[in-house]
Amino acid sequence: MIKVNTPNCNFKIPIILIVDDIRSNQEILVSLLGQDYQVKVAGNGYRALDIAQRSPRPDLILLDINMPDMNGYDVFKELKDNRLTSDIPVIFVTAATDSESEVHALQMGAVDYITKPISPAITLLRVKNQLLIRHSLDKLNLASIVFENAMESIMVTDAQVNILDTNPAFTRMTGYSHEEVSGENPRFLKSGYHDQSFYEAMWQSIISTGHWSGEIWNRNKAGELYPELRSISAITDTQGVVTHYVGISSDISMLKQHEEQLEYLAHYDALTSIPNRVLLADRMKQAIAQAKRERTMLGVCYLDIDGFKPVNDNFGHQVGDYVLIEIAQRIGKILREGDTVARLGGDEFVVLLPDLNHLEECIVTLKRIHEAVAMPIFIDEQLVSLTTSIGVSIFPSDNKDSDELLRHADQAMYVAKQSGKNRFHFFDPMYDQQHQAYHEAMLRIQQGLVNDEFELYYQPIVDLSTRQVVGAEALIRWNHPERGLLLPGVFLNDIRNSELEIRVGEWVIDSALSRLMQWSKKGFSVSVSVNIAACHLQSDNFLNFLEQAFMRYPDLPAGRLHIEILETAALEDVATVAATIKACRVLGVFFSLDDFGTGYSSLTYLHHLPVDTIKIDQTFVRDMLVDKGDNAIVKGVIALSKAFEISMVAEGIESMEHFHALYALGCEYGQGYAIARPMPAALFYDKYSQDHEIN
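Read in order, the letters of the sequence shown correspond to residues 1 to 695 in our numbering.
Hints are all accurate, no fakes.
Here are the computed lysine-lysine pairs in the DSS-like style, where the Cα-Cα straight-line distance is at most 30 Å:
| no. | residue 1 | residue 2 |
| --- | --- | --- |
| 1 | Lys-367 | Lys-333 |
| 2 | Lys-400 | Lys-417 |
| 3 | Lys-285 | Lys-256 |
| 4 | Lys-40 | Lys-116 |
| 5 | Lys-12 | Lys-77 |
| 6 | Lys-309 | Lys-333 |
| 7 | Lys-628 | Lys-642 |
| 8 | Lys-40 | Lys-77 |
| 9 | Lys-292 | Lys-116 |
| 10 | Lys-687 | Lys-521 |
| 11 | Lys-116 | Lys-77 |
| 12 | Lys-285 | Lys-40 |
| 13 | Lys-285 | Lys-400 |
| 14 | Lys-309 | Lys-367 |
| 15 | Lys-417 | Lys-367 |
| 16 | Lys-333 | Lys-292 |
| 17 | Lys-417 | Lys-285 |
| 18 | Lys-190 | Lys-256 |
| 19 | Lys-367 | Lys-285 |
| 20 | Lys-221 | Lys-256 |
| 21 | Lys-367 | Lys-292 |
| 22 | Lys-333 | Lys-421 |
| 23 | Lys-309 | Lys-417 |
| 24 | Lys-400 | Lys-367 |
Rather than coming from a laboratory, the hints here were simulated on the basis of the structure.
I would like the entire structure built from these sequences, with the hints used as guidance.
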């Protein structure tokens, strides 16, 4: 800010009101602005409106958008509707980075829009620019002094955008003198960096809101490109007619270079180029928030490289650095997209594993980390093998903040070291118990497969028009020696996304094919649908297994086996699933999309998936007679199936009223308790082999 000692000029320090419900954001802005301005803080919209109406009123308001009770847009409207506060300029400071939010804010009348996390230098510059504009308009007697002495480049044009005046800073930044540019259109500064749509959007903002600000690349007199932070404001007369445009700019070339360097150095490890402790802390907070929001688990894994000190001692620190870089890269390659590997210093790393549904998912990753680190490294014509000890804390069982979680993982790592190294240890003993229980459950299911304790039950699928049984859905049951007959919900969750889930899926397919072959030899011609997990369908060996399975039953007619996949699973990787389906259909396999309607993109992606049947989820069928919304969904899916020429099966037919209503709507097939419950294969054959019609 330029301070001018002028007679009869009562200079006052501008008052800035910060409106934000998050304490940390308040503190950042207060620390940033408090040295140069009087700063007031409001933690919510109601408090902000109260402060804004009191004298002395703020010269500028920095307003957050996403606040409880009253959001920033509502606060802004109240400010503008009140004659006492309508002229106070407002800059929105928000985490909403989409262009729609920015356009909406500026259309409402905000003078600027700053996105979080804020850039201190740019935020200060934007605040300063807005205050300069405000003082220029309010205190005309200071305009010429501000104009001449401002460090920012200032350009004034007429309403036709012909340059009327420029200040010395403009000449310093562009190389053009006032005489050279007078009467010219500023387009001669264009760099070619931006397309036409950029300038159209800029002018649309100026026309609609009277203001635009942002980064822009221009070309100076020497032909060099440079970035500048520019603010353009339309100046109007008392009738609201635009008379001038004022552009204020700052060359931010050095600032951008320094920011990029500082941003990198502040958040990334200089040696390995992976996140450092600072960025790790931020990602941990985000991961904890995600775990709370989505009710999932977060694994915090603290790694220490076993035997790293001898590498440094024997080969030198340069080789030691090479080893650390290699290990960081190896770990990064085996992690999921949302996981993080960070270096704390020395040979200590931390791996974050968010979005875990089961402890086994964490354990699988830990084993992969051990394998990756243990791969030999070629050093000075020698193969050197290292190992790692890992300590793990799990949120929310260990319901602590990020610092505590990291400390607990560190403690668990030392236990792993003391227990013999090259192993992992969980901080909470409860998880060791859970892991043991999980391991025992997995072994028991494997034993059940070996002992032939599993069985397929069959639920009829009927043609609603003829009442003929045309197929059946095969549903797995466990004849547990001690616990009796177990439904799949009791044990399948324990093996989700594991190799054992694939083994169970292979058993289901083989058992269904075997049963189909037996029935076919007896002249009983029906199809059987089996449910296959997403991880099984997308596994590398799925197609090969299916080919081998059909080779064992060469006389089985094509089209008897139907594979059902969950809609939500199919939508996770449409391209891969579609390719697999096409390859399997060559073998004579039909596909059904199960639980249709529960995914978010059913209509968008349906035409990409070459399925033969869609099964509308029973939650919509169950209440279709009493819920207008569910009834409309059922009608819509039926119409959709006809439009795509895909068969439709309605699940969950619990009464004959459902049966008749679905038939009246044009649904082709159905299944549910009103037709028949799942039953053993022998009973299904006895009941429907002679007479396919249901009673």
